[in-house]
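There are 2 protein chains.
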Amino acid sequence: MKDERILELIEQKNYIELKKELSDMNEVDISEILEELEQNTSLLVFRILPKDVAVEVFAHFSAEKQEEIISAVSDKELKFILGELFFDDMIDLIEEMPANIVNKILTNSTHEERVLINQFLKYPSHSAGSLMTIEYVELKKNMTIQEALAHIKETGLSKETIYTCYVTDNKKKLEGIVSLRNLVISDSDMKVGDLLHEEIIYVETHDDQGTVANLFTKYGFMAMPVVDKEHRLTGIITFDDIMEVIEDENTEDMQRMAAMTPLETTYLDSGVLELSKQRIPWLLVLMLGASVTGGIITKFENLLSTYAILMAFIPMIMNTGGSSGNQSSTLIIRGLATEDVTLKDAGKVLWKELRISLLVSVILGLVIYGKNVLTGKAGFMVSLTISLTMGVIVMLATIVGGMLPLAAKKLKLDPAIMAGPLITTIVDALALVVYFGIASTLLF
Amino acid sequence: MKDERILELIEQKNYIELKKELSDMNEVDISEILEELEQNTSLLVFRILPKDVAVEVFAHFSAEKQEEIISAVSDKELKFILGELFFDDMIDLIEEMPANIVNKILTNSTHEERVLINQFLKYPSHSAGSLMTIEYVELKKNMTIQEALAHIKETGLSKETIYTCYVTDNKKKLEGIVSLRNLVISDSDMKVGDLLHEEIIYVETHDDQGTVANLFTKYGFMAMPVVDKEHRLTGIITFDDIMEVIEDENTEDMQRMAAMTPLETTYLDSGVLELSKQRIPWLLVLMLGASVTGGIITKFENLLSTYAILMAFIPMIMNTGGSSGNQSSTLIIRGLATEDVTLKDAGKVLWKELRISLLVSVILGLVIYGKNVLTGKAGFMVSLTISLTMGVIVMLATIVGGMLPLAAKKLKLDPAIMAGPLITTIVDALALVVYFGIASTLLF
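If you're matching them up, the sequences are chains A and B in order. Residues in the first sequence are numbered consecutively from 0, following numbering that gives the first Met the number 0. Residues in the second sequence are numbered consecutively from 0, following numbering that gives the first Met the number 0.
Honestly, the hints are just simulated from the structure, not real lab data. Check before you lean on any hint, since a few could be wrong.
[As the list claims (entries may be wrong)] Cut-off 27 Å, straight-line C-alpha distance, at most; resulting in silico cross-link-like pairs (DSSO-like, lysine-lysine):
{"#": "1", "chain 1": "B", "residue 1": "Lys217", "chain 2": "A", "residue 2": "Lys1"}
{"#": "2", "chain 1": "A", "residue 1": "Lys152", "chain 2": "A", "residue 2": "Lys121"}
{"#": "3", "chain 1": "A", "residue 1": "Lys276", "chain 2": "B", "residue 2": "Lys347"}
{"#": "4", "chain 1": "B", "residue 1": "Lys190", "chain 2": "A", "residue 2": "Lys19"}
{"#": "5", "chain 1": "A", "residue 1": "Lys18", "chain 2": "B", "residue 2": "Lys140"}
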């Protein structure tokens with residue numbers, strides 16, 4: 000393994016060979032190795048890195064490691080890092096650091112940088128504005144291709160991407176984009192304006208990052224421009240940052256769907272206290288919510304003591320109902336997240352789930368009827384009661400599961416909370432009411 | 000809306016204006032509009048499109064629309080489409096089409112294309128080989144930058160990406176990559192070999208698409224080379240295809256986690272029968288699995304008839320246990336999918352979940368004890384029974400939930416099936432055994 004070779008060279012203090020090995024490596028991998036080293040050693044290796052590599056490695060560090068490095072480096076070193084860091088990484092950094100480190104960063108920034116930082120910190124988290132960076136290539140319509148390429152050659156090294164270039168007018172209003180591909184394959188005396196792509200898809204600073212991610216996935220864009228309300232270009236978002244957003248949004252959705260508050264970091268990096276805190280409040284709500292079902296059972300104690308066999312089927316009815324509701328709610332939550340389903344599809348969803356639930360409930364009802372008759376565990380009327388209940392509750396659960404995420408969306412809540420655990424709690428209470436209602440009617 | 004304007008122009012048969020409007024639009028949007036039109040109209044509009052746009056629009060069509068178009072166009076038109084289609088889209092197309100359409104495609108392909116198609120169809124679905132395309136820029140070490148740029152200018156239009164170029168030796172072995180960025184900003188008399196980045200990250204044809212997606216997310220790559228066992232370059236994968244893979248993999252995981260067979264297409268595009276088929280087998284398994292809990296209840300009928308109050312807490316205990324198990328299994332399933340958690344972390348996970356479950360179970364046990372005492376619903380010993388059961392079952396469920404996905408991974412099963420619904424069924428049975436065990440001990 001490469002990692003072991005690196006650790007060996009550090010051990011041997013063979014810094015010349017170390018520098019050589021590191022220079023070939025991907026910055027993400029270097030940052031992973033340094034992350035594991037203790038403070039002094041990692042600072043030493045960090046300082047061995049070529050300066051441009053060091054900055055990229057720094058951008059990939061965890062907040063803890065970044066704090067460690069900033070505390071340890073000189074003002075001169077810090078100034079260099081801050082100067083080279085892409086602006087979106089700079090904003091991420093400032094948002095993560097404690098006050099004393101933020102102070103150190105701000106004192107080592109220029110006045111212009113501080114003004115920009117203040118402006119960017121105002122964008123809501125999870126908005127397009129909070130993801131964008133300002134290192135893009137800006138061209139003018141009347142430039143020739145040759146001039147444009149010369150401009151890119153001169154400034155390209157410090158840009159987040161040079162593959163899509165942005166054309167603005169003298170008021171900074173976004174006029175369109177030109178791809179480097181088109182610049183490279185076109186005649187050098189043509190004008191940028193001739194290659195201009197004007198009907199472009201852009202986002203506004205306050206758009207939600209989930210919406211931005213869906214646009215990237217839909218169109219396969221490498222970068223997207225972000226404009227303010229006056230259609231002035233304020234930044235760009237690149238696909239690599241969006242890939243992280245997509246991963247994070249999916250992780251967060253899954254955590255919410257399992258009744259947990261989303262974690263700040265990965266599972267293994269989270270502490271026991273943090274992991275407990277994300278779970279306990281939800282479990283308390285669900286546990287106390289489930290006491291409703293207990294109340295219903297107590298109310299029907301007489302029925303249950305006459306027909307003790309009814310008891311035995313309560314878990315099965317509640318479980319199957321919960322699972323059906325979980326299935327439909329999962330499909331709708333996911334559909335809403337990928338924007339394949341929208342609020343105006345509510346009628347379609349209802350109609351679809353109605354038909355599905357009818358089919359599913361008939362089949363489940365028949366199977367459980369068959370099983371009860373074959374095993375001879377329950378008499379005719381009890382078997383009928385159970386099958387009917389199963390049918391009705393699967394229908395109800397499927398429809399409730401399909402509709403609640405849409406209702407949440409309508410109320411501007413996160414649809415992901417209307418998932419399995421909450422649905423189960425609701426369906427459980429419904430199931431008992433239906434069960435005892437049917438039993439009371441049929442058995443007395 | 001743009002869409003309405005387009006439909007209006009079609010209605011008015013104003014094809015000149017229509018052509019103009021369409022020429023500004025993104026291909027993805029055009030394909031969405033055509034998707035909704037009936038066969039003859041969509042074919043008419045498809046033929047109005049500039050040829051290069053038409054091919055891109057075609058690539059974004061659903062399989063049904065592609066079949067419709069291929070059936071309708073002339074051999075000459077089909078030859079053009081096939082010639083311009085990127086190879087990965089061509090393979091996707093062939094995989095989706097019925098036999099008669101595949102025949103029409105193959106008769107309109109060249110001999111070389113047919114050989115390549117046959118080779119590519121052999122890669123397993125969900126492998127890197129099934130995602131890659133062959134339209135990449137290939138450079139040689141001894142080219143000058145000027146020669147390289149001239150080569151790109153000449154061939155670039157037909158390449159999936161020109162932003163990363165691949166350097167191979169005369170046996171097609173991959174030697175490294177050069178970015179267009181570096182080519183553009185370097186002196187034109189330097190050699191490609193001088194800019195060569197040799198320590199690159201690549202995948203092999205049989206690597207799983209999930210692994211490939213994780214590499215893209217981790218490193219933020221725009222494209223990745225795919226090599227065969229002899230390290231020969233066989234194709235490249237681009238980020239836009241990976242974004243779709245990520246979305247699909249997440250959707251599939253969520254569907255499996257909710258006990259459903261993954262759908263082939265989106266929720267709204269799936270039929271009622273299809274949606275029912277993905278749910279029914281799982282529900283049957285879960286329903287019949289839940290009959291175990293029924294058996295346990297029947298066994299302890301005497302206990303329940305003596306202490307009727309015990310009944311009322313069964314749903315709460317089962318539900319809270321199920322939710323705890325669902326929480327930990329979700330975290331581990333997601334961790335395994337993003338490769339933040341691996342099999343060798345099993346010990347760490349166990350130790351973490353043990354401590355979390357201890358904390359959670361103490362708190363839940365105390366809260367439910369307090370509630371029972373305050374409401375005076377249950378006596379001291381019954382309250383103690385319930386709290387102890389709650390504590391034990393939350394611990395068991397959390398650990399079972401954390402461990403089962405790892406066990407599935409170890410057995411090369413998909414960890415996503417070890418989620419909520421299955422965990423709930425297992426935990427329900429455990430919960431009853433623990434509950435009645437503790438009750439029998441404490442109450443008699």
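Which numbered hints are broken by the structure, listed smallest first? The structure breaks only hint 2.
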